[in-house]
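Colleague: Chains E and X, in that order, give the protein sequences. So this note's numbering is basically just the index in the first sequence, starting at one, shifted up by 3. So this note's numbering is basically just the index in the second sequence, starting at one, shifted up by 592.
Keep in mind that the hints were calculated from the coordinates and are not lab data. All C-beta atoms, glycine included, are put in the ideal place defined by N, C-alpha and C. There may be inaccurate statements among the hints.
As the list claims (entries may be wrong) - Pair by pair, the computed Cβ-Cβ distance ranges are:
| no. | chain 1 | residue 1 | chain 2 | residue 2 | range |
| --- | --- | --- | --- | --- | --- |
| 1 | X | N778 | E | K399 | 53 to 63 Å |
| 2 | E | G255 | X | A665 | 36 to 46 Å |
| 3 | X | I720 | E | P124 | 36 to 46 Å |
To be verified - Which chain E residues stay away from chain X? Per the calculated CB distances, all over 10 Å, these:
| no. | residue |
| --- | --- |
| 4 | L99 |
| 5 | I128 |
| 6 | D143 |
| 7 | A146 |
| 8 | G152 |
| 9 | D199 |
| 10 | K363 |
| 11 | K369 |
| 12 | L403 |
These are the residues of each chain, in order.
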Amino acid sequence: MKTTDTTISRRTLLKTAAGAGAAVMMAPAIARAEISGPIRIGGLMSLTGAGGTWGPIMAKVQQTVVDQVNAAGGIMGQKVEYFVEDDQTNPDAGVLAVRKLIDVDKVCAVTGVWSSAVAMPTLPICWQNKVAMLAIAASDTLATMPHHGYFIRTYVPVSLQGKAIGEFGLKRGAKNFYAMLAQNPFSQSMLKGLKDDVEPKGAKVGSVIYDGTKTSFRSEVDQALRTKPDFIMLGGYPQDSASIVKDLYRAGFEGIICGFGTAITQEFINAAGAKAAEGIYTVFPSVAETSAAYKNLQKITGVKGVLDTNRCQSYDQINLVLLAVAASGQATGEAIQKTIRSTIGGPDGEPVGDVMTGLKLLSEGKKINYEGASSNCEFLPNGNLPNAYFKTMQIKNGVLVVV
Amino acid sequence: MEILTQIPQLVVNGLMSGAILAVPAIAFSLIFAVLQISNFSVASHVAIGAYAAFVANTVFGLPAAVAVIAAFAVSGAIGVVSDHIALRPLRGQGPLTVAITSLALNMVLENIVRFSFGNDVRGLDIPIYRDWIFGTVHIAPQQFFNFLIAAVVTAALFCLLAFTSIGRAMRAVADNPKLADIKGINPEQIARLAIFIGMGLAGVGGVLVALQSGIEPTIGFRVILSVFAAAVLGGLGNIPGAVAGALVIGVAEELSLLALPDAYRSAVGFVAIIVALLFFPRGILGKR
Numbered sequence: 004m005k006t007t008d009t010t011i012s013r014r015t016l017l018k019t020a021a022g023a024g025a026a027v028m029m030a031p032a033i034a035r036a037e038i039s040g041p042i043r044i045g046g047l048m049s050l051t052g053a054g055g056t057w058g059p060i061m062a063k064v065q066q067t068v069v070d071q072v073n074a075a076g077g078i079m080g081q082k083v084e085y086f087v088e089d090d091q092t093n094p095d096a097g098v099l100a101v102r103k104l105i106d107v108d109k110v111c112a113v114t115g116v117w118s119s120a121v122a123m124p125t126l127p128i129c130w131q132n133k134v135a136m137l138a139i140a141a142s143d144t145l146a147t148m149p150h151h152g153y154f155i156r157t158y159v160p161v162s163l164q165g166k167a168i169g170e171f172g173l174k175r176g177a178k179n180f181y182a183m184l185a186q187n188p189f190s191q192s193m194l195k196g197l198k199d200d201v202e203p204k205g206a207k208v209g210s211v212i213y214d215g216t217k218t219s220f221r222s223e224v225d226q227a228l229r230t231k232p233d234f235i236m237l238g239g240y241p242q243d244s245a246s247i248v249k250d251l252y253r254a255g256f257e258g259i260i261c262g263f264g265t266a267i268t269q270e271f272i273n274a275a276g277a278k279a280a281e282g283i284y285t286v287f288p289s290v291a292e293t294s295a296a297y298k299n300l301q302k303i304t305g306v307k308g309v310l311d312t313n314r315c316q317s318y319d320q321i322n323l324v325l326l327a328v329a330a331s332g333q334a335t336g337e338a339i340q341k342t343i344r345s346t347i348g349g350p351d352g353e354p355v356g357d358v359m360t361g362l363k364l365l366s367e368g369k370k371i372n373y374e375g376a377s378s379n380c381e382f383l384p385n386g387n388l389p390n391a392y393f394k395t396m397q398i399k400n401g402v403l404v405v406v
Numbered sequence: 593m594e595i596l597t598q599i600p601q602l603v604v605n606g607l608m609s610g611a612i613l614a615v616p617a618i619a620f621s622l623i624f625a626v627l628q629i630s631n632f633s634v635a636s637h638v639a640i641g642a643y644a645a646f647v648a649n650t651v652f653g654l655p656a657a658v659a660v661i662a663a664f665a666v667s668g669a670i671g672v673v674s675d676h677i678a679l680r681p682l683r684g685q686g687p688l689t690v691a692i693t694s695l696a697l698n699m700v701l702e703n704i705v706r707f708s709f710g711n712d713v714r715g716l717d718i719p720i721y722r723d724w725i726f727g728t729v730h731i732a733p734q735q736f737f738n739f740l741i742a743a744v745v746t747a748a749l750f751c752l753l754a755f756t757s758i759g760r761a762m763r764a765v766a767d768n769p770k771l772a773d774i775k776g777i778n779p780e781q782i783a784r785l786a787i788f789i790g791m792g793l794a795g796v797g798g799v800l801v802a803l804q805s806g807i808e809p810t811i812g813f814r815v816i817l818s819v820f821a822a823a824v825l826g827g828l829g830n831i832p833g834a835v836a837g838a839l840v841i842g843v844a845e846e847l848s849l850l851a852l853p854d855a856y857r858s859a860v861g862f863v864a865i866i867v868a869l870l871f872f873p874r875g876i877l878g879k880r
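Using the sequences provided together with the hints, build the complete structure.
Modeller: Rendered as structure tokens:
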């Protein structure tokens, strides 16, 4: 009877182990991945306060995507759990909310951070706990703070937006600019962007930074008009900008008024009234209206018209996190931020615009390149987008129309 | 020299915004005078009044004057109901307990408004006019009408308190509720009436703020510091004092712009409270 010698020599064992190790290292991430337990993602949303207009909409978009993924069996057999906390557009409430998401809910990524005032104190908490933060908050300072790569911003920093408004004013022949900015962490960056652009070209810039919680800005408007500006830049929120514009109308200002996208919205028009708001411009970062992701988002939200940037960014953020988890096979903040930059946010791979297609391609071992509804979603090491595209709109008969 | 030319305009702006603050400040003081409690839910009633006017004006298409009456009635009625449910049972526990509970009540009411109307900023459908110009000073007609509404409301309340039996009963309860009871005045009914009028006035204040800016759920919270400062400066419970306090706060906030950056305007309210407590603990007009 022939017997098989099952003894394994030490050399054979080492060879086998080395070979197996190398094979594991070289295999696609998805093949070696193991995620134990549900994938936990947090939405740090401004459900109330100044950002309360957007937070509930953004949370709904992200929840819809998570529900889609869970209905199809989750990621690598694991369900996705999505937790939403209200930061009240307030830094103190934001810190408590992010601590709850990290310490209690054990999330690996925090999405939807809308307010720069909230992002400032919560970013250090995220990176120190190795949790990825995907933010909309536009303050330039955020990208310069230490964050070890855990900060990714789907929006354009405000200095670039200020610059774009300056360009717009110069093209319209403006020579005397005045910036009216609400007190917040990005007011200085807005002003710097405007000044850096127009002052070297010979234009003057005056400014006031006001307390946006007040109900009357009559004296601030007087202060602006004393400088006889031909171009006023508004950098606040809809409610304070509406109050300012009403006073500018009453005072008979006839120059150009142009605001940031955060100020000039349909809500602003409702609050200011069509007469006072007529003719006001906004120059704001545009979304990727021709992308597949944008069309998918229109489909899942049922919105046939133009989608706002906040909705598009919240959609991109949740898709990026879910695809990064699937591509890396790890539900950790470190893997998410690295994979977003190195793999799915990169230019290589098959372009995808929704999470379900992305997950399918990843499961087939293919590389993907997520091209978002708000941008192409390629990120620099400091977390910023390298490119910005802007769109100009004007209020005509109570409605914002593309110029 | 340029500063001197700015002062008249800043004073006018301050008087106009002070007049808006005066109406909810009277509400705060009236409730304090009769019940000896600081009811911070005045802030949410400012919002309730603004939304009631919004519904009357934009949904039912009623003119602004009717919207003001609707704001008074709705916020007054909600004030009575919310006080009956949340604050009245705690009155025996002391004024501090009631004041803290009123903060909680304020949050509840503000969030009910939020759930009912959402967070969107809205505006009243009121025509907008160019400023009237008098030399170097300009005044918006809307500001002037706001001032007028505030003055009429204040005068009406003064007449009610000074010349009617209800007003005398209110003053009697404010001075000594037990003695008033012995004299056959029902302090509970008077308290309810004071709350109705007070919260109704807070609602009217909400309309005035809404005419100046927009309507959103935190509209009352945005003014409550200045309102409280005005009431403290005028002497809590002193109604003419509340008016004077509001005008002083309004003018001081505007004049502070000559020396301070605009972003620190809210600090004036805090400074006024400190100054009042240190140097005029009974208010700038003293307590009656």
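Colleague: Decide, hint by hint, whether the structure agrees.
Modeller: A quick look at each hint next to the structure:
Take N778(X) and K399(E): their Cβ atoms lie about 60 Å apart, and the range 53 to 63 Å holds. In this structure the hint that G255(E) and A665(X) lie 36 to 46 Å apart at CB holds, the actual value being about 37 Å. Range check, I720(X) to P124(E): about 40 Å between beta-carbon atoms, so the 36 to 46 Å window is met. Against chain X, the non-interface label of L99(E) holds: every CB pair exceeds 10 Å, the least being about 16 Å.
For I128(E), the shortest C-beta to C-beta distance to chain X comes to about 26 Å, beyond the 10 Å cut-off, and the non-interface label holds. The beta carbon of D143(E) sits about 19 Å from the closest Cβ of chain X, which is more than 10 Å, so the claim that it is off the interface holds. The Cβ of A146(E) lies farther than 10 Å from every Cβ of chain X, with a closest approach of about 24 Å, so its non-interface assignment holds. In this structure G152(E) is separated from chain X by more than 10 Å, as the shortest Cβ-Cβ distance comes to about 33 Å.
With a cut of 10 Å on Cβ distances, D199(E) stays outside the contact zone with chain X, its closest approach being about 22 Å. At roughly 37 Å, the least C-beta separation between K363(E) and chain X is larger than 10 Å, which holds for a residue marked as non-interface. The Cβ of K369(E) sits about 42 Å from the closest Cβ of chain X, beyond the 10 Å cut-off, so the non-interface label holds. Listed as outside the interface, L403(E) is consistent with that label: its C-beta sits roughly 15 Å from the nearest C-beta of chain X, beyond the 10 Å cut-off.
Comparing the model with each earlier hint shows no violations; every hint is respected.
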